[in-house]
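**Student:** Each chain, written out:
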Amino acid sequence: MFVRICFLAVIISCIQAQIELTLPPLPYAYDAIEPVLSEHLMQLHHDKHLQTYTTGANKLLKRMYDDENSSNELKGLTNQSIEFILSHIQYLPEIYQVGLKQYGGGYLNHKLFFSTLQKPTATADENKPTGPLLKAIEKAFDSFDKFKQIFTDVSLEVFGSGWVWLYIDAYTKELNYSFASNQENPIMFNKNHITLLGIDLWEHAYYPVYENRRSEYVDNFWRIINWPFVSQLYTEGVAKQTDDIDKETDGIVKHTGGCPMHAGI
Amino acid sequence: MLAAIVLAVIAIGCVHSQTELTLPPLPYDYKAYEPVLSEKIMRLHHDKHFFTYMNKTNAALKAMFVDTKMDGKLKEIAKLPIEDILTQLQVLPDQYHLALRHNGGGYLNHRFFFSILKAPTATVAENKPTGDLLAAIEKSFGTFEKFHELFSAASVNLFGSGWVWLYVDARTNQLVLNFTANQDHPIMFDKNNYVVMGIDLWEHSYYPVYENRRAEYVDNFWRIVDWNVVGKIFTERPIKRSDL
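Going down the list, the sequences are from chains H and D.
Position 92 of the first sequence, counted from 1, bears residue number 91 in numbering that gives the first Met the number 0, the numbering being contiguous throughout.
Position 216 of the second sequence, counted from 1, bears residue number 215 in numbering that gives the first Met the number 0, the numbering being contiguous throughout.
To be clear, the hints were calculated from the coordinates, so they are not data collected in a lab.
Heads up, a few of these hints could be off.
To be verified - Ranges between beta-carbon positions, derived for each pair:
#	chain 1	residue 1	chain 2	residue 2	range
1	D	E19	H	K61	49 to 59 Å
2	H	E137	D	V123	57 to 67 Å
3	D	E215	H	S80	28 to 38 Å
4	H	A121	D	F50	29 to 39 Å
5	D	P23	H	K134	49 to 59 Å
Please read these numbers as outputs of a predicted model, since none were measured by experiment.
Backbone N, C-alpha and C define an ideal beta-carbon position, used for all residues, glycine too.
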């Protein structure tokens, strides 16, 4: 696998500079998540925090690309999607690993988070997944209510800044949950993990509305999960065979046309 | 009869239980720190966050003390002052170790933090340490301005939740700058580390006033550090005897 990354990275580096992340707009108006998350909180969270992660990640990727000590393989990696970079984070030199876990992770996590939210339902109980995702939750956790209890309990136990994640492992197809500190994401630990849903437990995610009352935030979070979208992520996730993940890599290589300098490889 | 009463009194007096922490009030009014820290933030920070750390620490100490499965010698640790308990976390069973590291650390850190704050000076420049503390800062960092710059940079750059500390390093006996994650405290790493000053960088410490603008909070923090108190803390440090 690593040989393939090197190969593709070498090809890519001949042509392009590092990727430049852009601030994804919210898929809804800033006040759409009221009253669970206020307009002001959404403005701060998206326009300030996510913007800071975007800028920080871009600075690091540029530095990595411009660094004369960076190998061609490394430079090539900077042109990949942020998901790809983060799922191969262990191949990066340590000086870049820390910063990219923080700012790259922050970018990815918030991009996902905002995409999985929706206008609140009147009650938490009425907002549930259906179909294959519900079946998968029931298989992994016995029932949706049990899953909800576990996810809530873990969310209240996370100490300091972090997230709680629901993800599928593309090999086993099983659902699992994990907690992460700071801006860690399941793909940093296994490139085949596919993150479906997360709850941001950094204080900035709830303080303007809930102050210190994290449990109230977590209780209301169940009203704003966009289960149809999460189900879509699930369906796409299980359809991804591990061969497909490797094929994506080859595909990128084919489309770039190669580079004369590296014809010998 | 009298002998029996005396014996009873002595017996009751000898009955110990675990340490029970109390919530020290702020040294000043909640609104004394305006406008650097609002009355609202002080009420939340002291009456909610600090209060919760205290309650959870007390609950953990009580649970540890009544735990019939726990070694008697280890239970004695629960009777110690919190500063001593936090230097012995590594010997405790997992379920108490983490609870006390988090909440006991949170208690100690906040008790310390509130004790070193005062009403803001009009400007940052006019608020400085003097005497022995200033001399020690200059010895370690060159100038007070350099220390100010390093401390501020470390504070702005700390990722996630944590603290930045100025403390006398146990091994070198010099003032050093360092950070800890979450509610860790320098004594957890060496019982002879002696904390002199610190800044809370958890988002709850500044969000209601500064929102995401942590740099602005850090800049203004220098107006509310009570250098008289910090100076006294420094002067009262245990002095290493050179013949040891």
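**Student:** Each hint needs a verdict: does it hold in this structure or not?
**Tutor:** Hints, verified against the model:
no. : hint                          : result
1   : E19/D <-> K61/H: 49 to 59 Å   : holds, 55 Å
2   : E137/H <-> V123/D: 57 to 67 Å : holds, 58 Å
3   : E215/D <-> S80/H: 28 to 38 Å  : holds, 34 Å
4   : A121/H <-> F50/D: 29 to 39 Å  : holds, 33 Å
5   : P23/D <-> K134/H: 49 to 59 Å  : holds, 54 Å
In summary, this structure violates none of the numbered hints.
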